[in-house]
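Visitor: First to last, the sequence lines map onto chains A and B.
The first sequence lines up with residues 1 to 282 when you count with my numbering.
The second sequence lines up with residues 283 to 541 when you count with my numbering.
In case anyone wonders, no lab produced these hints; they're calculated from the structure.
All values derive from a computational prediction rather than experimental measurement.
The reader is advised that the hints may include incorrect statements.
[To be verified] Derived, one-sided and incomplete: chain B residues facing chain A with beta-carbon distance under 10 Å:
no.: 1; residue: I328
no.: 2; residue: S446
no.: 3; residue: E492
no.: 4; residue: D503
no.: 5; residue: A515
[What the hints assert, rightly or not] Taking lysine-lysine and the BS3-like style, the derived pairs with C-alpha atoms no more than 27 Å apart in a straight line are:
no.: 6; chain 1: B; residue 1: K468; chain 2: A; residue 2: K108
no.: 7; chain 1: A; residue 1: K250; chain 2: A; residue 2: K279
no.: 8; chain 1: A; residue 1: K279; chain 2: A; residue 2: K201
no.: 9; chain 1: B; residue 1: K321; chain 2: A; residue 2: K200
no.: 10; chain 1: A; residue 1: K224; chain 2: A; residue 2: K250
no.: 11; chain 1: B; residue 1: K468; chain 2: A; residue 2: K110
no.: 12; chain 1: A; residue 1: K279; chain 2: A; residue 2: K261
no.: 13; chain 1: A; residue 1: K115; chain 2: B; residue 2: K468
Ideal Cβ positions, reconstructed from N, Cα and C, are used throughout, including at glycine.
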Amino acid sequence: MNRLVLLLLFVGCLTLATQFAPVFESVQARSGPEVGPLLALVGDSRRLFANHFFTMADNYFHSGFYPTIFDARKKEGPSHLDVASHEEPAGAKAGQEEADDDDNFMGKPKDWIEKLGRNFFPTTHTHLEGTDAREILPWLKLSAEMDPHLIGTYVTASYWLRTRLNKPDEAEDFLRQGLRANPDSHEILLELGRVYFYDKKNPGVARNIWDTALQKWHEQDQAKQNPNPHVREEILGELVRADQQSGDYKRLLADLEELEKISPSKESIEKYIQDVKFKMAH
Amino acid sequence: MNNVLALAGVVIKELYRRKDFYVLFVLTAVITLMLGSVKFFNDDRIVRFLKDACLLLIWISSLVIAITTTARQIPEERESRTIFPLLAKPVSRAELIMGKFLGCWLACGLALIVFYFFFGAITASREHALPAIIYLQAVWLHWICLGIVVALVLLGSVVFTAPSSNATISFIIVVGIMFCGGHLNKVAVHMGGMAGTIVYTIYYSIPHLEWYDLREMLIHDWVRIPWLPCAEATFYGVVYSTFLLGATWLVFRRKTLTV
Numbered sequence: 001m002n003r004l005v006l007l008l009l010f011v012g013c014l015t016l017a018t019q020f021a022p023v024f025e026s027v028q029a030r031s032g033p034e035v036g037p038l039l040a041l042v043g044d045s046r047r048l049f050a051n052h053f054f055t056m057a058d059n060y061f062h063s064g065f066y067p068t069i070f071d072a073r074k075k076e077g078p079s080h081l082d083v084a085s086h087e088e089p090a091g092a093k094a095g096q097e098e099a100d101d102d103d104n105f106m107g108k109p110k111d112w113i114e115k116l117g118r119n120f121f122p123t124t125h126t127h128l129e130g131t132d133a134r135e136i137l138p139w140l141k142l143s144a145e146m147d148p149h150l151i152g153t154y155v156t157a158s159y160w161l162r163t164r165l166n167k168p169d170e171a172e173d174f175l176r177q178g179l180r181a182n183p184d185s186h187e188i189l190l191e192l193g194r195v196y197f198y199d200k201k202n203p204g205v206a207r208n209i210w211d212t213a214l215q216k217w218h219e220q221d222q223a224k225q226n227p228n229p230h231v232r233e234e235i236l237g238e239l240v241r242a243d244q245q246s247g248d249y250k251r252l253l254a255d256l257e258e259l260e261k262i263s264p265s266k267e268s269i270e271k272y273i274q275d276v277k278f279k280m281a282h
Numbered sequence: 283m284n285n286v287l288a289l290a291g292v293v294i295k296e297l298y299r300r301k302d303f304y305v306l307f308v309l310t311a312v313i314t315l316m317l318g319s320v321k322f323f324n325d326d327r328i329v330r331f332l333k334d335a336c337l338l339l340i341w342i343s344s345l346v347i348a349i350t351t352t353a354r355q356i357p358e359e360r361e362s363r364t365i366f367p368l369l370a371k372p373v374s375r376a377e378l379i380m381g382k383f384l385g386c387w388l389a390c391g392l393a394l395i396v397f398y399f400f401f402g403a404i405t406a407s408r409e410h411a412l413p414a415i416i417y418l419q420a421v422w423l424h425w426i427c428l429g430i431v432v433a434l435v436l437l438g439s440v441v442f443t444a445p446s447s448n449a450t451i452s453f454i455i456v457v458g459i460m461f462c463g464g465h466l467n468k469v470a471v472h473m474g475g476m477a478g479t480i481v482y483t484i485y486y487s488i489p490h491l492e493w494y495d496l497r498e499m500l501i502h503d504w505v506r507i508p509w510l511p512c513a514e515a516t517f518y519g520v521v522y523s524t525f526l527l528g529a530t531w532l533v534f535r536r537k538t539l540t541v
């Protein structure tokens, strides 16, 4: 009798397995082909993990000096890691101002317990220097694994890989991984173009990539998806650099005229346009 | 004192006869080595991520060892009735508590030495450096922290009936203090009024275990902490442990020992 019951239970298990296997597969398929079974089971909560891992990268960038959920942040905005990953001087300045602001996120200790406790964790605002920036990379990789649509992760990782660690091939691989998950991302294309222009010294390919990035930006603008106007400015800035290097004045003029429409420094661009026109005339 | 040392010796022998420590150590080592074998962007010099994971595992393992070892000491003696011949030797109840505390604390210290030796070996193999001072400070403060935890669990073991409930409640309290204990003053300020006063009272009353966690300093290669705060934290730990042991003795001295 006992054996019969055991046999029935075993048959029951087999039946349930055949019943649930297709359901499980459909869950996996719904989450996208790039997501493994474990991540499919975690579901949308993986986005929370992805954000947390990105924050961990920022925490590492500050060598552990980072506000907790109990500390009041001055204002919401991009992380220092994010800001530092953009090469524009204006962005760098804004980041510095914010860094000075955030230096005081702890304020003065409220009591002797807090005062003594501050000796046992980092209380100095520092940023990772040189190749030490490699320490943030595992968190960015994990963040991308958790949420392949978090575009900032690819751009930030690529910036540090190519500028500090001299690893343009790894940067390109990671950006292409991001591009497979986000084929319409003009931010990733902008960064990919930088890899080719600044590191692989291939301005022709870089220019084509930036052209595609600009096209994607316009498509999203027409579809009213509110793409970041600063990224358009950055793409045009890079296109101008590529044109300068190749000596293609016709394209340079066209790109400068488009840049002039959106740039805050119209006067200097206008002067530059006049210079280019002068060179073209002679 | 001889009775206390003899009792402590028995507890230490128990630690290395039982499998808990070995299982936790092997798990910590295997997970750390597996993580160490993962390469991110073809860079084999990334180390902080590995240190972070290893130290987290060490903290979890040490808390599990401290809490589970301590939680079963007195209840097991009572259940197996070996507490009667033990107290008839004669060993006073105060000596029993001191012996159990010392045994558990020293056993945790031995476990910590093994764990941190492994951690140091892993770190040195990657970084080719071993900042001795901060490592010693980290081990020392970690051990002091476990002293408070052991005293707290020992108090729980004479208050709660089952070791399992004591271990669970102690674990929740310890983890809760480590995560939120140091921030309760900020919460109290935001709350204000009577509720704020209550939270502030809790803040001053709880043992501040978060002080003893130097993981962030070790992970991010901070050189060392000043010696004076280290000594102050040690003094605080000793005073708090003594208070908890005194409370344990007060409860235990009149407790009926039959199950």
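Visitor: Against each hint, give a clear statement of whether it holds in the structure.
Guide: Hints and how they fare:
1. Given hint, I328 (chain B) at the interface with chain A, holds; its Cβ is 5 Å from that chain's nearest Cβ, closer than 10 Å.
2. With a cut of 10 Å, the hint placing S446 (chain B) at the interface with chain A is violated, because the nearest CB-to-CB distance is about 30 Å.
3. Here the hint on E492 (chain B) is kept, as its CB sits about 7 Å from the closest CB of chain A, short of 10 Å.
4. Contact between D503 (chain B) and chain A, as hinted, is supported at the beta carbon level, the nearest pair being about 8 Å apart and thus within 10 Å.
5. The criterion of a C-beta within 10 Å of any C-beta in chain A is met by A515 (chain B), whose closest approach is roughly 7 Å, and the hint holds.
6. Between K468 (chain B) and K108 (chain A), the direct Cα distance comes to roughly 12 Å. Compliance with the 27 Å bound is thereby established for this hinted pair.
7. For a cut-off of 27 Å, the pair hint linking K250 (chain A) to K279 (chain A) stands: about 11 Å separates their Cα positions.
8. The hinted pair formed by K279 (chain A) and K201 (chain A) meets the criterion: a straight-line CA distance of about 26 Å does not exceed 27 Å.
9. A distance of roughly 24 Å separates the Cα atoms of K321 (chain B) and K200 (chain A); the hinted pair therefore holds under the 27 Å criterion.
10. Among the hinted pairs, K224 (chain A) with K250 (chain A) is inconsistent with the structure: their alpha-carbon atoms are about 30 Å apart, more than 27 Å.
11. This hinted pair checks out: K468 (chain B) and K110 (chain A) have alpha carbons roughly 8 Å apart, not beyond 27 Å.
12. Only pairs whose Cα atoms come within 27 Å are accepted, and K279 (chain A) paired with K261 (chain A) is accepted, the gap being roughly 22 Å.
13. Of the supplied pair hints, the one linking K115 (chain A) and K468 (chain B) holds, its CA atoms being roughly 13 Å apart against a limit of 27 Å.
Violation of the numbered hints given earlier is confined to hints 2 and 10; the remaining hints are satisfied by the structure.
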